[in-house]
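For the protein sequence lines, the chains are A and B, in the order given. My numbering numbers the first residue of the first sequence as 506 and each following residue consecutively. My numbering numbers the first residue of the second sequence as 1165 and each following residue consecutively.
Hints listed in this document are in silico derivations from the structure and should not be mistaken for laboratory results. Please read these numbers as outputs of a predicted model, since none were measured by experiment. For each residue, glycine too, the CB sits at the ideal point set by N, CA and C. Any given hint might turn out to be false.
[Stated by the list, open to error] Beyond 12 Å from chain B on every Cβ pair, some chain A residues (computed):
no.	residue
1	ILE509
2	CYS514
3	ALA579
4	ALA585
[Stated by the list, open to error] In silico lysine-lysine, DSSO-like type, Cα no more than 27 Å apart, as pairs:
no.	chain 1	residue 1	chain 2	residue 2
5	B	LYS1182	B	LYS1205
6	B	LYS1377	A	LYS555
7	A	LYS555	B	LYS1205
8	B	LYS1504	B	LYS1182
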Amino acid sequence: MLLIPCPWCGPRDEAEFHYGGQAHVAYPENPAALSDEEWARYLFFRDNPKGRFAERWNHTAGCRRWFNAVRNTATNEIEAGEVTA
Amino acid sequence: MRDVPEHPDWLWSSPEPKRSYDVVIVGGGGHGLATAYYLAKNHGITDVAVLERGWLAGGNMARNTTIIRSNYLWDESAGIYEHALKLWEGLEDDLGYPILFSQRGVLNLAHSLQDVRDSVRRVHANRLNGVDAEWLGPDEVKEICPIVNVSPDVRYPVLGATYQPRAGIAKHDYVAWGFARAAAAMGVHLIENCEVTGVEVADGRVQAVQTTKGRIAAGTVALAAAGHSSVVAATAGVELPVQTHPLQALVSELLEPVHPTVVMSNAVHVYVSQAHKGELVMGAGIDPYNSYRQRGAFHIIEQQMSAALELFPIFARAHVLRTWAGIVDVTPDASPVVGKTPVDGLLVNCGWGTGGFKATPGVGWCYAHTIAHGEPHPLNAPFSLERFTTGALVDEHGAAAVAH
């Protein structure tokens, strides 16, 4: 089980969290202007690196707030100092 | 001291790679090996290398729960999985190798009125597609699998089940070895400990792969790299709509035969069979986060066990012997991607997520056709990369029950 550092509650067990996938995926500013390819990319394509990955977590069984973390998907280590509210 | 048996004869040779092949298959798992076999057998293409970064069939082929069935909802899925099931039914003779294919049937349990409606709909859809399927009430479920608890006094009572009698299990290692042996006998090179580190592209066409054993030129490069598909495809500048997750499974200690079929439950979320040797084999859903580590968290196992105990009180005193994880590539619509990419000569077979084993011969057949003709077989044509742009998704999430 991962030990996840919630920026508000401190380190807690993974079972307290809900995963939110890749971080920093912005909703398109003008969705109607996108081509089908661009819309497909926004909707269905996410980074899937073996290595550093910026991702979202929600502390559902704690403060219920979202935050971002950077984790290495090859080792599951969460980088200290990279957890941001 | 007791006599120790000699090491058995190798089933395939391990040649040094040539500098060039007509076809290079990246990934020596079940899909890669089956593809190589059907390339040679159906299309006479034998200048083929299967490159495997570890040992043959040591990834998800060694880590799945060996369930084989074809009772999917949508026509596209029923097409390819039923084709696979028909091939499974003749595979032992075809390969000349035992695979312990046992058609003991699969029960997909329904625990709510919505489950019942969805299940009955799926039974009808299956029948229209020529897939054997029946709807059973709780008493009939009990007849087929006496150890299932069908009492109405549980949190999620069993209201019935779909039943596919032709479904079953096979011995996954033997399947891989059978394909490897037969492919090697027809001249396919199976090259282990050879990791593909890059795909070389020039003028929009694939040229070669870079490997830990040097550069290998290829007319066609066909990916069959499961959880690592994104990593390999990215070196050719191709992005795939997949996310890589750990998927755990476990076995109990060896037990007397108690479980005559395969039971899957979407709602309480576990699937269980009993292997030929006697261990209970169980699995459920993926660990939620992206990861390339072949291990998951124990609380996921605990949830599986509580689900299993709800359905099978008799398991209460069984011991878990071993748990493990494979890494699986999951698509947004829970259907695979098998076909062409924007790069000429680079083909992709990925996104099988939690359900690739059952498709092994079927996808090998279709992927080999795609490689040989440069165009998809009708059965894998719906599983194109373009469907995410056109919107013609094959949405099997929940439609075919559980993480499969």
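Cross-check of the supplied hints:
no.: 1; hint: ILE509; in the structure: 10 Å, violated
no.: 2; hint: CYS514; in the structure: 18 Å, holds
no.: 3; hint: ALA579; in the structure: 5 Å, violated
no.: 4; hint: ALA585; in the structure: 18 Å, holds
no.: 5; hint: LYS1182(B) <-> LYS1205(B); in the structure: 21 Å, holds
no.: 6; hint: LYS1377(B) <-> LYS555(A); in the structure: 22 Å, holds
no.: 7; hint: LYS555(A) <-> LYS1205(B); in the structure: 36 Å, violated
no.: 8; hint: LYS1504(B) <-> LYS1182(B); in the structure: 25 Å, holds
In this structure, the hints that do not hold are numbers 1, 3 and 7, in rising order.
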